[in-house]
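Chains as they are written, first to last, in the numbering used here: chain V, 8 to 265; chain H, 148 to 476; chain Y, 1018 to 1376.
To be clear, the hints were calculated from the coordinates, so they are not data collected in a lab.
Any given hint could turn out to be false.
[Said to hold, decoys possible] In silico DMTMM-like pairs for lysine to aspartate or glutamate, Cα to Cα no more than 25 Å straight-line:
| no. | chain 1 | residue 1 | chain 2 | residue 2 |
| --- | --- | --- | --- | --- |
| 1 | Y | K1270 | H | D175 |
| 2 | Y | K1039 | V | D77 |
| 3 | Y | K1253 | H | D278 |
| 4 | V | K124 | Y | E1094 |
| 5 | Y | K1039 | V | D13 |
| 6 | Y | K1039 | V | D79 |
| 7 | V | K10 | H | E359 |
| 8 | V | K237 | V | D70 |
| 9 | Y | K1100 | V | D111 |
| 10 | Y | K1312 | H | E434 |
| 11 | Y | K1039 | H | E359 |
| 12 | V | K151 | H | E359 |
| 13 | Y | K1253 | H | E348 |
| 14 | H | K268 | V | E62 |
| 15 | Y | K1039 | V | D86 |
| 16 | Y | K1100 | V | D86 |
[Claimed, not checked] Facing chain H, a subset of chain Y residues (Cβ under 10 Å, in silico):
| no. | residue |
| --- | --- |
| 17 | D1101 |
| 18 | L1103 |
| 19 | A1104 |
| 20 | I1182 |
| 21 | M1203 |
| 22 | S1208 |
| 23 | I1209 |
| 24 | M1241 |
| 25 | V1245 |
| 26 | W1309 |
| 27 | A1345 |
| 28 | W1346 |
For clarity, every value in this text was computed on a predicted model and none was experimentally measured.
By construction, the Cβ of each residue, glycine as well, lies at the ideal position given by its N, Cα and C atoms.
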Amino acid sequence: MAKRIDVSGLNAYYGAHKAIDDISMSIEPRSVTAFIGPSGCGKSTFLRTLNRMHEVTPGGRVDGKVLLDDEDLYGPGVDPVAVRRTVGMVFQRPNPFPTMSIFDNVAAGLRLNGSHKKSRLKDVVEKSLRGANLWNEVKDRLNKPGSGLSGGQQQRLCIARAIAVEPQVLLMDEPCSALDPISTLAIEDLIGELKERFTIVIVTHNMQQAARVSDRTAFFNLAAVGKPGKLIEIDETERIFSNPSVQATEDYISGRFG
Amino acid sequence: MDFTTSISDTPPPPATRSVSGKAVRPGDRIFLGLSRGSGIILLVVMAAIAAFLTYRSVLAISGDRANFLTTLDWNATGTEPKFGIAVLAFGTVVSSVIAMLIAVPVAVGIALFISHYAPRKLASPLGYVIDLLAAVPSIVYGLWGALFLVPHLGGLYGWLNDYLGWTGILSYGGGAARSLFTVGILLAIMVLPIVTSVSREVFLQVPRMHEEAALALGATRWEVIRMSVLPFGRSGVISASMLGLGRALGETMAVATVLSPNFLIGASLLDPGGGTFAQNIASKFSEADTFGQDALIASGLVLFVITLLVNGAARLIIARRKEYSGANS
Amino acid sequence: MSVATSHRHRKVTEPRTPLALKQSRLPRWALPALAAAALAAGCGTGLAAGLDSTVQWGLIAALLFVAGTFALTAAVEGVRQAKDRLATSVVWIAFLLAVVPLASLLWETVARGSKVLDGYFLSHSMGTLPDAMPGGGVYHAIIGTLEQVGLATLIAAPLGLLTAIYLVEYGRGRLARTVTFFVDVMTGIPSIVAGLFVLSVWILILGFGPSGFAGAMALAILMMPVVVRSTEEMLKLVPNELREASLALGVPKWRTILRIVLPTSLGGITTGVMLAIARITGETAPVLLLVWGAKTINNNPFDGAQQSLPLYVFQQWQQGSDASYDRAWAAALVLIAFVMVLNLVARGIARWKAPKAGR
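Construct the complete structure from the given sequences, taking the supplied hints into account.
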């Protein structure tokens, strides 16, 4: 059920400010694509255009095409709510619903879609928590608030919540930046498992992480401060890290970059 | 700049003093004394309020020839004073409950409108206007209620009577709409700005990431509000409502101008009559002698206790919700 | 299409669900059209059934619109979308429902109040003018209000400020907790109860007569907890690093409070005090019990009955003649204007003095 994404000529704006400029790329199904680049280069913004979350920020605006298999996410008549159900997202800081229990957090998306049968919810919650490698840690306290878990557990809870609705694509916006190294490792392992079922796009500031988890890597940069971010190149991760075709990429990766 | 002057002003304390940890400078002692003294004065005032109100109330109740709690009359003069708070308690509670039933849903609606629905350009001026409206004195609401609202409600009441008069509660015999229900409506309008303003503040504080979590699951706007905004804001809305309820219970002038009081408990809320604690004090005060004033003080004490109970209940509800509030997650 | 359990598998048998990104939607003109139809139907039924109050017309129209959008959206777009639409309409209606009375309140006050409001009205008292006669003014009430509110502020502001400082800077232990609790209790005191308290002590027990000062004491009781609360909030906003930086330089605590903490939060504290003043300015009930309301000018708040603006409004309303109604509205307008100006200035100070956070 993983899907391929084709982006062409995509621009995103915050009010009058253009945040990313004319991005085109393809993202392969059942693979992990990492976005790297300096802060403020628009990689998170770009990620949020892939499930139409960009437009919920005040002043956010997008033009261009994002094809999910053959359907344009920004086509006329497309419902952003339906898009977000198809393209799941995990955020930088773990954000379980504070007023819900662990169980309810995972079941939240399903309940939205109208399944209320207790037995089915139970099944899916267990499967999703297992899928997020969290089941064994929480199975005895499913009715406790999700905010009582550790940061790493909370993040895996959010991943479980995202995969419970069986999306086609999973977007991750620096999912490990608020976590300690052990929890980071757990999430990275999980990404490796999840990519067999989902198309995964991950934004990361950690170059080693990009090298470890991704199949393909995209490097973003901005021409100057105040200018919009651009896609510099996208290629097999190995090539990006060993022999990139653009000088700027090599400079950034080897740390020779302002 | 302040630092340098302060340092040059005060000579460095001797080492022994700073190590002892209890350096008692006169300045510190005076300042602590002053500020602690203020706190103590506040406590003394509270204690005095309770004590004196109780004392005068005991004087009044011991002179009451009828049951203070159940009597349907207020006659605190003469040799056979007979007065009771039954009507007042009934009227106060009923009008405040009506007010809250109308005001809280509407206020939550407006607060959501301002925080999540209104066009951005409109939202912050609207919030500002609501804050200003919260400051309009209650006597102005009273004046408007008596001279504008009352004449406009007769038609509505007649209509309600036609369709719902059979319930008894909503029957209406005509005449000026100076009833407990009108009081409830006016109180609702009066507490609307304050409840809205506090609720809006809470809704705006909902962390963006909770809302985005719901959005990313494919929630519609309403579902986002139901999943993340309302649960987060619930205790805030409760305390806002209690604030409003406190005002409604103790409101004097808006009731005194609108209600046409009597000392009967009628089944119909639309027909004139009834009374509230505060309204009764205001309208009976000018013709009361010392004993009559004591009687009014006794009823005021009951009002005080009721508002205390309401506030206490609010605090309990909020404390119980804290575990799930996630305010500092 | 099961979600994988702990074992891994490469090929999942996927009954490919067709993507449903597009949903059938209502055309754009549908909702405005529905609103117009509902409005027409509301007015129609109103006219046909001979309902004399426009309130009912509006209610019918609103109900029809809400039910209509729900049914239409549920049929075309699905139940979830319909619930979303329903919530949107309900929120809009709540807003409109509230705007009407509040706007009417302001409009009536301004329209009816400006009738007799002029220089003469502001500079004369009622004197011996019979109540039913036009003329007279609010000068004595303005003087009374200013004096009573001024005295109340002189009592309540320092006490409230120091109490808040105690609670934030020194307050630990039982006394502080007790004070916090009773500040909360005090916030809930109905204004008429504060009036009764001063009545019982000052007039019934100590035997003084009504005066502006008696009213000021009751107003101070109402003002104190408000000042404590707002000042507390402001002091808590001062970052601890600032206090520690100052203490680490060897500055004594009381000087740290006076020189660092208070100046940092001065804007917010001023705003809080001004909002509290605005609130007690409109209080009528305690003034009714303690100041009584004189018709002539009494400049001495410590002796004899005075007048105050809210009480003046009430008494003029009680007279029940057209001329006194006009005066009541005009005085209400003066009162609102005064309170609004206080509010605007207070919020202006808050905005101007606000720490420039972030960008």
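Q: Quickly compare the C-alpha distance for V/K151 and H/E359 to 25 Å and report which way the hint goes.
A: Holds, at roughly 22 Å.
Q) Taking only the CA atoms, is the gap from Y/K1039 to V/D13 under or equal to 25 Å? A) holds (18 Å)
Q) Is Y/K1039 within 25 Å of H/E359, Cα to Cα? A) Cα-Cα ~22 Å, so holds.
Q: Given the hint that V/K10 pairs with H/E359, test it: the Cα-Cα distance must not exceed 25 Å.
A: The hint holds at about 23 Å.
Q: Would you settle whether the hint for Y/M1203 is holds or violated, based on the nearest Cβ-Cβ distance to chain H being less than 10 Å?
A: holds (6 Å)
Q: Could you grab the alpha-carbon distance between Y/K1100 and V/D111 and see if it respects the 25 Å cut-off?
A: Status holds; Cα separation ~21 Å.
Q) Do the alpha carbons of V/K124 and Y/E1094 lie within 25 Å of each other, as the hint requires? A) holds (23 Å)
**Q.** Evaluation of the interface hint that places Y/M1241 against chain H, nearest CB under 10 Å
**A.** Given a least distance of 7 Å, the restraint on Y/M1241 holds.
Q | Pair hint outcome, Y/K1253 versus H/E348 [Cα-Cα no greater than 25 Å] | A | Holds - the C-alpha atoms of H/E348 and Y/K1253 are around 18 Å apart, at most 25 Å.
Q. Is H/K268 within 25 Å of V/E62, Cα to Cα?
A. OK: H/K268 and V/E62 at ~17 Å, within 25 Å.
Q) When you check the alpha-carbon spacing of Y/K1100 and V/D86, does it fall within 25 Å? A) holds (16 Å)
Q | Hinted contact Y/I1209 with chain H - closest CB pair below 10 Å | A | holds (5 Å)
Violated hints: none; the structure is consistent with every hint.
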